[in-house]
Amino acid sequence: MSSGKIKIYIDGKLIECDKNKTILEVALENNIEIPHLCYDKRLLPNGSCRLCIVEVEGEKRPVASCTYPVFEGMKVYTNTEKIINFRKLTLQLIVSDHPLDCMTCEKSGDCLLEKYAYEYGIKEVKYYGEKAKRKMKDGSPFIVRDYEKCILCGRCIKVCEEIVGVNAIDYKNRGFVTEINSGFDESLKDTECLFCGNCIDICPVGALREISAERKGRDWEYKKIKTICPYCGVGCGIVVYVKNNEIVKIKGDKESPVNNGFLCIKGKFGFDYVNSKDRLKKPLIKENGNFKEVDWEKAIDFIYEKLKFYKDNYGSDSIAGLSSAKCTNEENYIFQKFFRCVLKSNNIDHCARLCHSSTVVGLSQTIGSAAMSNSLEEIEKYSDCIIITGTNITETQPVTSYRIRKAKERGAKIIVIDPREIEISKIADIYIQPRYGTDVVLFNGIAKIIIDEKLYNEEFIKERVENFDEYKEFIEKFDLSLVEKISNVKIEDLRKVAYLYSKSKASVIIWSMGITQHITGTENVFCLSNLALLTGQIGKKGSGLAPLRGQNNVQGACDMGCLPEFYPGYNSVNNRKTIERFENLWNEKNLPDKVGLTVVEIFENILKGKIKCLYIMGEMPLISEPDILHIKEALEKVEFLIVQDILFTEICEYADVILPALCSFEKEGTFTNTERRVQKITKCIGNFTCAKPDWWIINEIARKFGYEWGYNDVWDILKEINNVVEIYQGITPERVKNDEKIQWPCFSKEDKGTETLHIGRFKRGKGLLKIVEYKEPFELPDKDYPFLLTTGRILQEYHSRTMTGKVKGIEEIVGEEFLMMNEEDAKENNIKEGEKIKVVSRRGEVVLKVKLSKKLQKGTIFIPFHFYANILTHTKLDPYSKIPEFKICSVKIKKFEKLKNSRIINV
Amino acid sequence: MSEKDVREIVGEIKRKNLSYLEILQYIQEKYNYVPVDLLKKICKELEIPKSKIFGILTFYAQFSTQERGKYLIRVCDGTACHVKGGSKIINMLKKEFDLEDGKTTADKKFTLQIVACLGSCFMAPVCMVNSSYYGNMDENKFKKILKNLK
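Chains as they are written, first to last, in this note's numbering: chain A, 1 to 907; chain B, 908 to 1057.
To be clear, the hints were calculated from the coordinates, so they are not data collected in a lab. Certain hints may be false.
Under the rule of at most 20 Å between Cα atoms (straight-line distance), these lysine-lysine pairs were calculated in the PhoX-like manner [as the list claims (entries may be wrong)]:
no., chain 1, residue 1, chain 2, residue 2
1, A, Lys832, A, Lys854
2, B, Lys951, A, Lys189
3, A, Lys832, B, Lys995
4, B, Lys937, A, Lys832
5, A, Lys854, B, Lys948
6, A, Lys485, A, Lys775
7, A, Lys855, B, Lys948
8, A, Lys637, A, Lys306
9, A, Lys189, A, Lys808
10, A, Lys783, A, Lys895
11, A, Lys854, B, Lys911
If you want a taste of the chain A side facing chain B, the calculated C-beta under 7 Å gives, among others [said to hold, decoys possible]:
no., residue
12, Asn167
13, Ile169
14, Asp170
Okay, the calculated beta carbon distance ranges per label pair [stated by the list, open to error]:
no., chain 1, residue 1, chain 2, residue 2, range
15, A, Lys223, B, Tyr938, 49 to 59 Å
16, B, Ser909, A, Lys858, 18 to 28 Å
17, B, Ser909, A, Asn173, 23 to 33 Å
18, A, Lys858, B, Leu925, 21 to 31 Å
Source: prediction; values computed, not measured. Glycine included, C-beta positions come from ideal geometry on N, C-alpha and C.
Chain A with its partners taken away, still in its complex shape (with noise of 0.2 Å):
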């Protein structure tokens, strides 16, 4: 498309705009208000609903102006007599095939057809006649669809089309019987649907709308408080509706930059955890093997001699503590301050080791920063060509994948490279299927040809690289056709691979789990990086290395320093300077400069007996780490152990003491998302239990240790932030209460933020190419043990499922938890789709049903973590960033004779 500004007449007002735009783009941009009911700025325009016309100088017949192009010296009326008798008559059509039951509808306030009505002035019904006969469809958990209300206007086909990809409705029939279906009059739950609930968000009318929300109150009722999703790190913006100090409904924040609206069907859904029964409500002490209730003064001071008694006489390296990306910034930085400061550890460390520590590491070394070098925006609107490698988009960040879906439609070449053939290898302009844990082999294979075949950018080599002479010596003698034996993949895709992402104009490699959780993570990270380096596809708007990060604040928690290597903003434990620099800031003495113990490290020292105390704040290591079995004996071990949540998760059970703790829709401050974009939540609902917000509960076992920092809200700890941690400088409490949404590095208050990392210059300087020689993953199949097995996340679930599994529909659509398998995997062992069976590793088992798939590849079961997968997996760890290598690990399967509850075998 090329751009280009002309001069438009709307109602005899002058416009200048952009020429590829439609009438009601402009006029919408210029304040100028136009009816339209199937129109969304989101969404491509079908032009329906008629209610969008306009007197066009010249034409006949009025336009739609939803699909009428704009020309030069256009002369447009979108108030004419004639156009408001014509909208009156569509109006006058529409209602009288509509139920005019506004005083009980939900939507009353918030409905566009009432909206138009009332400004137009439609009293009563003209035309009498039958009504459709569209019947409410049930049949979902979440989503109510009364199609009585529905116009056909068509916008959540579109959503579901465009946006998401799914097409789970469409219409049926044609004339006056048309209505919307999932095909072959299907409940929802027996078609693809996804439930993210977009359609829901995006239906003018009160066709379709949330079941929480049933008789709970009318839109002018509600109290409507834009925050951020609790669950993954992209991060979107929603509108929680609060009535009575509960949670009715959560929408799309339109307004948002990081999802305009969209949401998933956790951000949607998911959010029953928040009055869940488990919700702790006041500090418990075991007692005799019984929790009792206790004050918060009790508490802290029994935690504070348990502390004191560990610290003193078995040293400051006995205590280790876990945060979590769950909590924010604030939060996270107290807590790693708490443990540097007072009792003078670095056992710190949170569950970004078992993610994203090995792109950490890798990005660290070679280019000097390793967070996501783009915004998403910019790979929706810039990217030509993207890899998508070791990450299922669509399930581990959906609305980033609606992104991908966007640019696709652009036309932008989407590059997908993953062992399991995951759903968006279907929009794929290349897919190639590897074998499990060959990536180094198959990325140097894509540098062997860019390097033989001169695809490389020599001049930013010369400018921004080193090591390429070694590098190059050491990739030209690389055999070509080890990528076929070895990754089981043609050079020919490879080569196509190579020219595409080094010839695009902007390329950019998205990555989360399936190139870090191994061995040889860090190394495949190197392999990403070379690639971005030699092609110079890096520090431009479009191009980069742009990791996925996991948890809503996992960006966050690593910046904030919980991490046993490194003080808040990156600064390495062992660096005389760092220790320095922070002995100052804090005013405090003698603090910590051994790197401590990592999340695996720490279970592995309380087995040997180093670690005798241990802080849990806000996860759930009994789902999340590696070898689960040994997590146990490690729990039951440990002498003293803190736990601070908002549910009563498995943990608890081990716990000496349980600090309730407030959810992100119960307190303030900032989530720092997957493209550095740091957040606010705010408070929505007030919660009249003991909890408190995790950073005052640090904060007053800190003050027990006299230890007066002066925190009097979640504001001052980030002032602190701003002064402590650089690339936050300019991220005030007063900007970020503004509802900036500002991404970091910002180092004044006049800085807008970075948008695109690595523009001109790499935080170490030049960026390093690393040699690197492939090794095979620890365990492989063998005749023991002959199948691989590999895990990963669906959808629905999040994590260890604390949270949604406190929700109802979630549990109803996932159902019994469940393995996948191969199809002649099944057949060749007699095994059915829906039958139990026994996963064997050398670390534990699991009984689990089994669904089939043919996206796998033979020999391979895939087990999603939320389901005692990691009962199986090994603690074997990538050298470089302890990061286990969760992806691979070798199992046998038995046939399983039926018992009652498959989980109470699991655990």
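Given chain A, work out where chain B should sit, using these hints.
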């Protein structure tokens, strides 16, 4: 429909790279109607969204999801044909063959579809049997034609 049938049809659809509309036409040609269970299986195999194909299936009057007779009779009861005696033909079909709109005879020989226009009003009343047109009909002539069909 056996699994083998499904496999064969799926193979054929893939080989010919048929569009959704063509898939429906192909199935209807093969079975004389569109068996819904078969169509669902094909959707599953080919990962076609059910809503899309169902939308097309229900949009066009040419598709039938009911099993149809060997001969599909279409009688026009549009304005011109009605005036010229189309309804008499319909009455005859009811009396002689026990046929009503959308119904199939017990021996699966005939299916009746009453339509609003066949685009040949100049020779009203018009009937069709499968793809052949019969113009200037009356009940006796048409009865004879049908009786002569094997």
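Consistency of the hints with the structure:
| no. | hint | verdict |
| --- | --- | --- |
| 1 | Lys832(A) - Lys854(A) | holds, 14 Å |
| 2 | Lys951(B) - Lys189(A) | holds, 15 Å |
| 3 | Lys832(A) - Lys995(B) | violated, 58 Å |
| 4 | Lys937(B) - Lys832(A) | violated, 32 Å |
| 5 | Lys854(A) - Lys948(B) | holds, 15 Å |
| 6 | Lys485(A) - Lys775(A) | holds, 14 Å |
| 7 | Lys855(A) - Lys948(B) | holds, 18 Å |
| 8 | Lys637(A) - Lys306(A) | holds, 16 Å |
| 9 | Lys189(A) - Lys808(A) | holds, 14 Å |
| 10 | Lys783(A) - Lys895(A) | holds, 18 Å |
| 11 | Lys854(A) - Lys911(B) | holds, 18 Å |
| 12 | Asn167 | holds, 3 Å |
| 13 | Ile169 | holds, 5 Å |
| 14 | Asp170 | holds, 4 Å |
| 15 | Lys223(A) - Tyr938(B): 49 to 59 Å | holds, 58 Å |
| 16 | Ser909(B) - Lys858(A): 18 to 28 Å | holds, 25 Å |
| 17 | Ser909(B) - Asn173(A): 23 to 33 Å | holds, 31 Å |
| 18 | Lys858(A) - Leu925(B): 21 to 31 Å | holds, 29 Å |
The structure fails hints 3, 4 (numbered hints given earlier, in ascending order).
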